[in-house]
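Protein chains: 2
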Amino acid sequence: MNALPDIDAIRDAAARIAPHALVTPVLRSAALDALAGAELYFKCENLQRGGAFKFRGACNAVWSLADGEATRGVVTHSSGNHGNALAMAAATRGIAAHVVVPEGAVQAKLEAIARAGGTLHRCAPTQAAREAMCAELQTQTGAALVHPYTDARVMAGQGTLVLELLRQAPQLDALITPIGGGGLAAGVAIAAHALKPAFALFGAEPAGADDAARSLAAGVRVASLSPDTVCDGLRALVGVPNFDALRAHRVDVITVSDMETVAAMRLLWSELKQVVEVSSATVLAAILKQPLRFAGRRVGVVLTGGNVDLDALPW
Amino acid sequence: MNALPDIDAIRDAAARIAPHALVTPVLRSAALDALAGAELYFKCENLQRGGAFKFRGACNAVWSLADGEATRGVVTHSSGNHGNALAMAAATRGIAAHVVVPEGAVQAKLEAIARAGGTLHRCAPTQAAREAMCAELQTQTGAALVHPYTDARVMAGQGTLVLELLRQAPQLDALITPIGGGGLAAGVAIAAHALKPAFALFGAEPAGADDAARSLAAGVRVASLSPDTVCDGLRALVGVPNFDALRAHRVDVITVSDMETVAAMRLLWSELKQVVEVSSATVLAAILKQPLRFAGRRVGVVLTGGNVDLDALPW
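Protein chains in written order, with numbering that gives the first Met the number 0: chain F, 0 to 314; chain X, 0 to 314.
Simulated from the structure, these hints should not be mistaken for lab results.
Every value quoted in this text rests on a predicted model; they were computed, and no experiment measured them.
Idealized CB from N, CA, C, for every residue including glycine.
Careful: at least some of the hints might be erroneous.
Listed next, the stretches of chain X that the computed footprint assigns to chain F, with coverage defined by at least 3 CB atoms under 8 Å from CB atoms of chain F [said to hold, decoys possible]: (1) 44-57; (2) 173-181; (3) 264-274.
All chains, please: the whole structure from these sequences, using the hints.
What follows is the structure in structure tokens.
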């Protein structure tokens, strides 16, 4: 289950999720292009079902289950968007979704999970507590674990956005995604290089959760780090298969401060007119921080989600 | 100049602005459809050039000028989006744009006008002061007046969004726009009924600037009113030809309180993930206030603009 998907798995995923997921639009902004000195093609996964790209991977996992397995439901741990996506995906198949959420998660995201029909299980905000409660729920219910980023079915689902994006903007020669656990980055890298081997691939990571950048620099996966960033969607450590994919595809990781990310978030709201969550803005922050790496390029920029608390904006 | 455009003028406008204006996307939200009990197709003019539908009308006016007239530039009065749109449209033809702005206009909008190359002329915040300064500038410079909403070329430009929308969502049977001066509402009504005579047409108006509703109820245009609404884009009185168009096309005007509009604005941000300005939210507020008028319908909902001050959100 923890191997990496190939392009055939990603193509299968695209067919599997097509009846349920949305084809999200690609938006552009002359003002942001001018600021960046590059052509930016924003893939608006904030407009995906559930408000985040996570629905792609969750939906592929849910519909990959054999009928007998599916009847016992699915289980995961997630601080928000993946849990919500899994609950929504489970609802498309009429099966149960158990979602383990750490104390301190964003209230709006928890409400969305419950609205989607997911059952919330609260635990302490540590990796160990999450995994223990997930294991317990698996034993109790027989539900299938759908890990937020190390699951190959999840990575394949996330990779489907590249198939869409290249139909919408075939001229792209670079791509950038945020990096949290690396499910999106891995799926995107595999799909992108299968279709265009010369693609330049970038990742954006908060300086306060820069385990991917450190791991790639060291050549070995950093397995502990205390994340300190406002980017609540990017606090996870890069997974083992995810790290392998980032390294194999030579993903160039750019780290950005929270201040740079919040400034970029404002730009995405004011210029692109898109409500995106703070984690999504790391990508524009990275482009504006390292303009020479993008100068003159046609860059696919993945905006990962739009689930924000409008009463607690970070500026 | 103050007559109403016909569908041929709107089709000509579409051809004239095509090299400059954007085809804006139509977005949907399952959550908002469920709330409304109708199918809502949001025409996202917040994603138009300059962040508002106003570019359509301004661009058509600028490119309708004969060469000799164009060299003397254009002039208008506008608290924001039309002024910005005219400055941007003038820049596409390389001509001057003089924009008369009342004291107290939103600072972000004034900066946008200046950035687009427009020359700002400040005046007292009264209709008389605006018109006097416009007339003075016309005399001084020979610039052509492009009125924000009574100009037939402007109305024709605004109507072009219906041609697009019906290609994107041919199944629509109702349409709703905000009503300020009525340039958008008139252009949309003329285009909509020319293409689909059975279209049900609605307008949304702030209760604190409800001159269109009062005028239609009285059968005669209300020519004075002191607007009191947070909807800064909808404080103008409906123009004379605009009133004629609203009446001829039996536009059903629904008034909404500022509180209802601000609540609808939050929904557009949180569910549709679109940054829209408060005036744009009147349309969703009207649908949610009068659901029986829209029940089961396929409604085109025009989101007019996305130029907001992110430091002064109304909630």
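Verification of the hints:
no.: 1; hint: 44-57; in the structure: holds (count 4)
no.: 2; hint: 173-181; in the structure: violated (count 0)
no.: 3; hint: 264-274; in the structure: holds (count 6)
Violation of the numbered hints given earlier is confined to hint 2; every other hint is satisfied by the structure.
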